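Participant: What follows is the residue order along each chain.
2 protein chains.
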Amino acid sequence: MAQIDEIMKEILRGSSEVIGREYIQSLIQKYLDRGEHFVVKAGFDPTAPDLHLGHVVLLQKMSVFQKYGAKVIFLIGDFTATIGDPSGKSETRKPLTQEEVLQNAQTYKEQVFKVLDPNKTEVRFNSEWLSLLNLKDILMLCSKFSVARMLERDDFEKRLKNQNTISMVEFLYPLMQGYDSVALNCDIEFGGNDQKFNLLVGRQLQRAYNLNKEQSAFMMPVLEGLDGAQKMSKSLGNYISITENPKDMYAKIMSISDLLMWRYYELLSHKTFSEIQHLQQEVQKNNIHPKEAKENLALEITTRFHGQEQAQYAQDEFRKVFSKREIPLEMPSLSFKEPIWICRALVLGNMLSSTSEARRALEAGAVRINQEKVQDINKHLEKGVYILQVGKRKFLKVQID
Amino acid sequence: MAQIDEIMKEILRGSSEVIGREYIQSLIQKYLDRGEHFVVKAGFDPTAPDLHLGHVVLLQKMSVFQKYGAKVIFLIGDFTATIGDPSGKSETRKPLTQEEVLQNAQTYKEQVFKVLDPNKTEVRFNSEWLSLLNLKDILMLCSKFSVARMLERDDFEKRLKNQNTISMVEFLYPLMQGYDSVALNCDIEFGGNDQKFNLLVGRQLQRAYNLNKEQSAFMMPVLEGLDGAQKMSKSLGNYISITENPKDMYAKIMSISDLLMWRYYELLSHKTFSEIQHLQQEVQKNNIHPKEAKENLALEITTRFHGQEQAQYAQDEFRKVFSKREIPLEMPSLSFKEPIWICRALVLGNMLSSTSEARRALEAGAVRINQEKVQDINKHLEKGVYILQVGKRKFLKVQID
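Quick note, the sequences are listed as chains A and B, same order. So in the numbering used here, spot 113 of the first sequence is number 113, and the numbers just go up one at a time. Count along the second sequence from 1, then add 1000; that gives the number in the numbering used here.
You may find that some hints are simply not true.
[To be verified] In silico lysine-lysine, DSS-like type, Cα no more than 27 Å apart, as pairs:
{"id": "1", "chain 1": "A", "residue 1": "K9", "chain 2": "A", "residue 2": "K231"}
{"id": "2", "chain 1": "B", "residue 1": "K1030", "chain 2": "A", "residue 2": "K196"}
{"id": "3", "chain 1": "A", "residue 1": "K161", "chain 2": "B", "residue 2": "K1161"}
{"id": "4", "chain 1": "A", "residue 1": "K161", "chain 2": "B", "residue 2": "K1213"}
{"id": "5", "chain 1": "B", "residue 1": "K1144", "chain 2": "A", "residue 2": "K161"}
[What the hints assert, rightly or not] Derived CB-CB ranges, DEER-like:
{"id": "6", "chain 1": "B", "residue 1": "N1210", "chain 2": "A", "residue 2": "N164", "range": "19 to 27 Å"}
{"id": "7", "chain 1": "A", "residue 1": "E22", "chain 2": "B", "residue 2": "S1353", "range": "58 to 66 Å"}
{"id": "8", "chain 1": "B", "residue 1": "N1210", "chain 2": "A", "residue 2": "K109", "range": "38 to 46 Å"}
Derived by calculation from the structure, the hints in this document are not laboratory data. Because the structure is a prediction, the values reported are computed rather than measured. C-beta: ideal position from N, C-alpha, C; glycine also.
Isolated chain A (complex conformation) (with noise of 0.2 Å):
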């Protein structure tokens, strides 16, 4: 009993919402008995295959199921990709093809192998069963569900409200998920807050295709980005993508705020709640500076992704650039095979847009050639190497021949 509490505790970690909290405690406790396994199912949009923190948030949340019995099912909405955009939402959105579809699920195994565990996960497309409804059957799947549980949905009736258009592809969507649950007969199935709605249609069409089960609903909050207000999103910019160097990866954990860095503990990190609390204690305490803490965590989630030799290599060029003002170990570097004016090398080496932006900066003195401020802006470079530096992070190794 002891041990059920304990795994329940972790289980709940960073949840924002569960529902059917029992049922889940259950499953963990047949798998504890007697090794029985279940169904848990996420859904990923596979128009996006660049995963980034906000999707670790609910991949690590299943591999942590799956130390006690899970089999995930990492579904790729396939099927509704290959239409496009009907809310008219995303102009952009255009229908993918199925050769696409194929490409962009197998650069998302590659990323979600790096958080689940690849024998105890299995992948999916929805195409599989959705591909087989006809009319008679989808009909059928309607009868289950109202118009007036549909415009229950916030975003629905908010919509409705503001006279924007909902079209009604997007009024089956729910039903299409909540289809899936019911072809994988699912156990739980994970998501945002976003999502509860759509998870509650899953539970009502378990019910109303006779499964013998509801499944539970188990949503993770949103992972906010960089900014620390807004959900990190790809389309936002504030984003980390796993598939990220190292140094990237590495500097962008440092950018965040001190604030945002708790959270990030919470819902990335591997420590316990209570290493956490201790760690958050001593900073308090001022026995801990926030910026080493920070670090802490930069460096257990770029070793999560990169291995700890890269890992560390990301923590050292940081330290190098940001804390001790040095030159990186790695920059880009451009040749020329004659002298080169300041402002248009900087132009070609991308340190700046164009000539005339490189003028203001020289004139602003935030321009260093070896690590000396230059003013000048007519300077020539002769031969020889130089590093060039923009501000404090852009370096630029020019060669002239």
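Guided by the hints, dock chain B onto chain A, whose structure is given.
Facilitator: Just chain B now, with coordinates in the frame of chain A:
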């Protein structure tokens, strides 16, 4: 020009609303000029193959269109009939088998060709195209229509307001009906006023599917039933079936009110508008008795479905019974081997439903034997032949051997 004006007057007579009138005129003009045909569609529910005069209002109008170039599609909505009623409105509406649908369709055909020209009519089933739709097609269909627009449908709006359940299936029905118009490349769709929303969906979908046309919506009013109050319908029992025997058909038409008679004239008679107006004036001036006008209507309609001879016979019979209180030529007969109690004979002959009811009828003076009123509730009929009469209309011949 004079010709098309006359034709349009005939076409529009009795219609309650027509959307796309110019398109109709252009179609007819093309037929007159070049003999080009166009497609007129009306959907029928295969669950109720017994057509009544309410249906005839529509069919008859279509037969007028047939004179001017229309190919009529008599569309049997078999696809949804095999599903049952998801709205829960009618608990008794069971799904039909494919066999039942075909059988009903056959019955329909036999009936509609009493009104429509079989050479210009095609009977189709919407399962032809609807059963081919998969989920992708359906999402495509749904993407053409918004939830807000669907909620504008009168009954949806009301039911939602009154918290009466609307199934998600019902939300798909108008789209399916509209898709029928796309699949058939319809020019004009027929319906009652209550169909207006669905007819407009067809227009919208034809645009969305780039058919380069918008079907006209031709609405005929709903015909009042015998009671003159509610819509003619089988379930309300206030209907005249077109398979009704000549006597009953004639008698039922004679039973309508004088006011309702003019409505029936307008919507069902083949008389021209001015002929009807003239008749109406003659009645107002007391030159013609309303009953005579009603007899003419009853004779015209009975003749249409049963031929002149049978209709004339029905009229003669009716006049005997109702006008001159004579005994009709034909009536059910019943024979017994031994004397029988009058009450028992009345029940066995379906004249009254129980012996106690028979007693009350006798006591009330409503029973005649051989045209003589009999009030003795203990009377037995001995050897011989008797004509029993209950009220004005029920007759039974009884023979005791």
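Participant: For which of the previously enumerated hints does the structure constitute a violation, in increasing order of number?
Facilitator: Violated: hints 2 and 4.
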